[in-house]
Amino acid sequence: MRPPTRHLRGFAPWIVPLLILLAWEASSRLGWLSVRILPEPLAVATAFWNLLVSGSLVHDVAISTGRALGGLAIGGGLGLALGLLTGTFRTAETLLDTTLQMIRNVPALALIPLVILWFGIDESAKLFLVAIGVFFPIYLNTYHGIRAVDAGLIEMARSYGLQGWSLYRDVILPGALPSILVGLRFSLGLMWVLLIVAETISAQSGIGYMTMNAREFLQTDVVLVGVLLYALLGKLADLVARGLERRFLRWNPAYLGVAA
Amino acid sequence: MQRDWIAPPAAGHAVQLDGLCKQFGDRTVLDGLHLDIAPGEFVAIVGRSGCGKSTLLRLLAGLDAPSDGELRLGGAPASARRDDVRMMFQEARLLPWRTVLQNVKLGLDAADAQARDALAHVGLVDRAHDWPSVLSGGQRQRVALARALVHRPRLMLLDEPLGALDALTRIEMQRLIESVWRERRFTAVLVTHDVAEAVALADRVLLVEDGRITLDEAVTLARPRAHGSAAFADIEGRVLARVLKEPAQAAIEQRSRLAA
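Quick note, the sequences are listed as chains A and B, same order.
Count along the first sequence from 1, add 159, and you get the number used in this note's numbering.
Count along the second sequence from 1, add 616, and you get the number used in this note's numbering.
Read the hints as simulated data drawn from the structure, not as lab findings.
Built from N, CA and C at the ideal position, the CB exists for glycine as well.
There may be inaccurate statements among the hints.
To be verified - Here are the simulated lysine to any residue pairs, SDA-like style, with alpha carbons at most 20 Å apart:
#	chain 1	residue 1	chain 2	residue 2
1	B	LYS721	A	ILE355
2	B	LYS721	A	GLY323
3	A	LYS394	A	VAL194
4	A	LYS394	A	ILE355
Stated by the list, open to error - Looking from chain A toward chain B, a few residues come up when the C-beta cut is under 7 Å (computed):
#	residue
5	TRP183
6	PRO272
7	VAL308
8	ILE313
9	MET315
10	GLY320
11	GLN322
12	TRP324
13	PRO337
14	ALA373
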């Protein structure tokens, strides 16, 4: 491929967002859009800059990221552990899977009133919501990943003397990994959704707090900064998940070209 | 390509099957099967689908346990763990997340030199660091052969390993297997649908029908055998006629019984 074409292809996805941005700026300047509804992009950028300089932006993003990752660690860790358990042992599946499938059908957000009753409105409530939301994608995909490992490969490995932990490490876990990473990617998306809701309901810090505070003072530009931050953080999480896939699934034909 | 092996070639196992039975539920797959295989002998088993030939191989490999009867390897009752018995499957069954070299090393600790030697033996040492997904079907089976050889098996089980290959690759693989067998003198048991393949490779061609051996044809042609020779065609024709006869007769009998 010739370099100019590649540049163009790299640039192409950004054409539409740029056009929207230009149209937005123009309609604000022409007075078509009220500042209360949608401030001009420049004002949003200024608000972003001011928040950054004052240090409150970094503080809020750090707090929110901490909550998100904390919830992911707890919920994802439990999901992985239980998924490995029910995927590997029939007894564990018989005992646990039906219960977990029932709980899965309850939307995490429906638990909010209960969560507030249990934890009040402090940090543990937010961690709990995020954890329970990210638990199921990782649990389900781990469980199915383990179950879907090619039985022929397991039989082959057994006949080559692999058993117990070495069979698990060399055959079952790598075989389940693509599925586990799909679960992680789903979880990363859900993680932000749940955090936004949790922070919007009640918080004394974090991006959700920042936007809710700004709403009370009619600072639409700051609200928009918050919205854009969530979009950026979500994109970042997705990039991380993709990076992990490229790193750990480089043997997979779907990633071979990328890794080379 | 033909490099020297570090250790002396392992001698083949004698195989004795005495009244071997295998039932799956109500279905009897092997029904009191008797068979003696001399050390270093190459035996081919032919038969229709579902005649029990693959089950026999799985019993020899220790992947299934016989329902009744005795199985002796090298004069001793076969134990559950058979480090000197290796099997090649219909599919190569390479671990896709391991490179070619790592696949050959499966179940061995720190055996880089041996694994490379085995790969050199099948002419794939230059592909050592490739992923299995970029290899052709024939190359994958060659890696599977190297993986089996590196364990210095005394009994090599071949479960239609060439069934999925194209005609030219199949003849190449037959020659490779024959040359490796002549050099290493392991005992070989090949299950195949292809009577010509059986006659080309084996010292004895066995026919399994209804869980018993119903034909034991010695093939005394000089090696390497030319597919086109009259003697070859004569044996092939005889075995093939015998394979085809039985079911056709059974169908005629059944029809006459229904008519009566």
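How the hints compare with the structure:
1. LYS721(B) - ILE355(A): violated, 49 Å
2. LYS721(B) - GLY323(A): Holds, at about 18 Å.
3. LYS394(A) - VAL194(A): Roughly 27 Å between the alpha carbons, so the hint for LYS394(A) and VAL194(A) is violated.
4. LYS394(A) - ILE355(A): holds, 15 Å
5. TRP183: violated, 46 Å
6. PRO272: At about 45 Å, which exceeds the 7 Å cut-off, the nearest Cβ of chain B leaves the hint on PRO272(A) violated.
7. VAL308: violated, 11 Å
8. ILE313: violated, 10 Å
9. MET315: holds, 4 Å
10. GLY320: Holds, because the Cβ-Cβ distance from GLY320(A) to chain B comes to roughly 5 Å (cut-off 7 Å).
11. GLN322: Not OK, violated: GLN322(A) not within 7 Å of chain B, min 9 Å.
12. TRP324: violated, 14 Å
13. PRO337: violated, 9 Å
14. ALA373: violated, 48 Å
Against the hints set out earlier in the document, violations occur for numbers 1, 3, 5, 6, 7, 8, 11, 12, 13, 14.
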